[in-house]
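**Student:** Given next are the chains, with one letter for each unit.
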Amino acid sequence: MIPPELRYTNDHEWVRVDGETATVGITQYAADQLGDVVFVELPAAGQTFAQHSTFGVVESVKAVSDLYIPIDVEVLGSNDALGAGPELVNSDPYGAGWMVRVRVTDPGQLADLLDATAYERLTAEA
Amino acid sequence: MTDREVPPLRETALVEIHRALDARLIEFGGWLMPVQYRGILEEHRAVRERAGLFDLSHMGELFVEGAGAGDALASAVVTDPRTLVVGRAHYSMLCADDGGIIDDLIIYRLAVDRFLVVANAGNAAVVSDELADRFQGWDAVLDDRSMATSLVAIQGPASRGILAPLTDIDLDALRYYAIAEGCVAGIPALVARTGYTGEDGFEVFVDWAQGPAIWTALEVAGSAADLIPCGLGARDTLRLEAGMPLYGNELDRTTNPFEAGLGRVVKLDKPGDFVGREALATAADSPLTRRLVGLVVTGRGIARHGYRVMRDGRPIGAVTSGTQSPTLGQPIAMAYVHPDAAEPGTILAVEVRGQPVPAEVVPLPFYRRPR
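Chains as they are written, first to last, in this note's numbering: chain A, 1 to 126; chain B, 1001 to 1371.
Honestly, the hints are just simulated from the structure, not real lab data. This structure is a prediction, so every number in the text was calculated from the model and none was measured. A hint or two may mislead.
Now the in silico label distances, taken between C-beta atoms and shown as ranges [to be verified]: (1) B:1369 to A:81: 29 to 37 Å; (2) B:1007 to A:87: 37 to 45 Å; (3) B:1082 to A:32: 48 to 56 Å; (4) B:1126 to A:80: 45 to 53 Å; (5) B:1224 to A:115: 41 to 49 Å; (6) A:45 to B:1224: 45 to 53 Å; (7) B:1286 to A:10: 52 to 60 Å.
Which bits of chain B does chain A cover? Going by a derived footprint, with three or more residues having C-beta under 8 Å, they are [stated by the list, open to error]: (8) 1300 to 1308; (9) 1321 to 1330.
Here chain B is said to cover these stretches of chain A; the calculated rule only asks that three of the stretch's residues, wherever they fall, bring their Cβ under 8 Å from a Cβ of chain B [what the hints assert, rightly or not]: (10) 30 to 40; (11) 55 to 68.
We put the beta carbon where it would ideally sit given N, CA and C, even for glycine.
With the hints as constraints, model all of the structure from the sequences given.
**Tutor:** Written as structure tokens, this is what we have:
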């Protein structure tokens, strides 16, 4: 199920907006496509990223994939639990498998994101 | 890019079974093959702990027959298949004149004058052409049955118990690297105790059209032992843990057997000449310029194919295969490094996204099955 309250990107990241902050992760679709996730590399608090730039790396048994930040952000913190438990990305991508908590530095960019209906259409076409 | 047309992918006789199992299908060696069903880690563990079922019908099966079959093969490959007892097999290589590896092979002796050569899918056509060429003047006939043979492997500690009730072949008498002819689930088959996983297991060769029947018979027989279908993804992590080379990664035309740690396979002193002998003899007497080693990454990061291996900030080699080892729970890799850096215990670094990550040279294999 694609959570209706989240916003999405064409690159299969999700964003949970909470006022001026947000949480970012990858979708179940992305996790399924990657296969078993065995390693996640995430940024330290304080780093800033411009929309669509690479903020981290997720590795499955077979493949290495970049993570793209959907909007301009400053990182507030990363999910340390993924260090010892990268499989959370597969088992609970919208919950315990979250990746970074960020401060939204350009709220206007939130309009660029897809709603759940549009994202569902995207994955159905893929 | 060119306008050259890409030939359509070949499909094994089992492709509809894979689709019904919801496998993820990818291109491999010119074939459409399952890379995974439920997940690589689950499939990997099934083979280490119980049993896994693989469709390997993409592999090349080349039969060599005739009074001169042994002599012809001995002139074409680096081993001496004439020394094989009937019913036994050995690992071999086909090398070019310059000693570079064209493919690695398993050669089975089926009868005094009949052999089976199993080649990698992506090289099967080249091997077939090379053997045909090298057999000229010998009393030997090459019969390429790659497109007429289905190959299903059952691998893992429960394999013997699953297969035994289905076959008239005495599996207890079938040793590692042995092959026998018989029936499996009523289907005429060649059953070999070989594999590419580091576990006990069997490879079952049948007529192309019998592929689905043999697969289903093994799947049903294995269900009580929790056998599951396994794809090429798990095959790759299993062989890497077992320290087995993969053609295209550890072995290629620019690699000679000695650098790959496979010098023992090359029989320079066998009677008669063979293709590559001169170059291989020279290589055997020359200092190595690089050596294949095992690496365990001790820092945070996974070494991958093509990543640079560094010592004191300078590149001294490259990773050929690397992944997170499901059994060890650590990142493992194979790499070619400068011979000075090849001693187990040597601390090196793998460059992961521009950053040096510590790694230690370890003896191969990474994993040896408990006996």
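**Student:** Quick check: the stretch 1300 to 1308 of chain B, covered by chain A? Criterion 3+ residues, Cβ under 8 Å.
**Tutor:** With 4 residues close enough to chain A, the hint holds.
**Student:** Would you say the C-beta atoms of residue 1126 of chain B and residue 80 of chain A sit inside 45 to 53 Å of each other?
**Tutor:** holds, 50 Å
**Student:** Using the beta carbons of residue 1007 of chain B and residue 87 of chain A, state whether their distance is inside 37 to 45 Å or not.
**Tutor:** holds, 38 Å
**Student:** Is 29 to 37 Å respected by the C-beta to C-beta distance linking residue 1369 of chain B and residue 81 of chain A?
**Tutor:** holds, 33 Å
**Student:** Using a Cβ cutoff of 8 Å, are there at least 3 residues of the stretch 55 to 68 of chain A near chain B, or does the coverage claim fail?
**Tutor:** holds (count 6)
**Student:** Can the stretch 1321 to 1330 of chain B be counted as covered by chain A under the rule of three residues or more with Cβ-Cβ separation shorter than 8 Å?
**Tutor:** With 3 residues close enough to chain A, the hint holds.
**Student:** Between the beta carbons of residue 45 of chain A and residue 1224 of chain B, is the distance compatible with 45 to 53 Å?
**Tutor:** The hinted range 45 to 53 Å holds for residue 45 of chain A and residue 1224 of chain B, with Cβ atoms some 52 Å apart.
**Student:** Lying within 48 to 56 Å: is that true of the beta-carbon distance residue 1082 of chain B to residue 32 of chain A?
**Tutor:** Given range 48 to 56 Å: holds, Cβ gap about 52 Å.
**Student:** Go ahead and decide if the range 52 to 60 Å is satisfied by the Cβ distance of residue 1286 of chain B to residue 10 of chain A.
**Tutor:** holds, 54 Å
**Student:** Is 41 to 49 Å right for how far apart the beta carbons of residue 1224 of chain B and residue 115 of chain A are?
**Tutor:** holds, 48 Å
**Student:** Take the stretch 30 to 40 of chain A, compare each residue's beta carbon with every beta carbon of chain B, and decide whether three or more fall closer than 8 Å.
**Tutor:** holds (count 4)
In terms of the numbered hints stated before, the structure departs from none.
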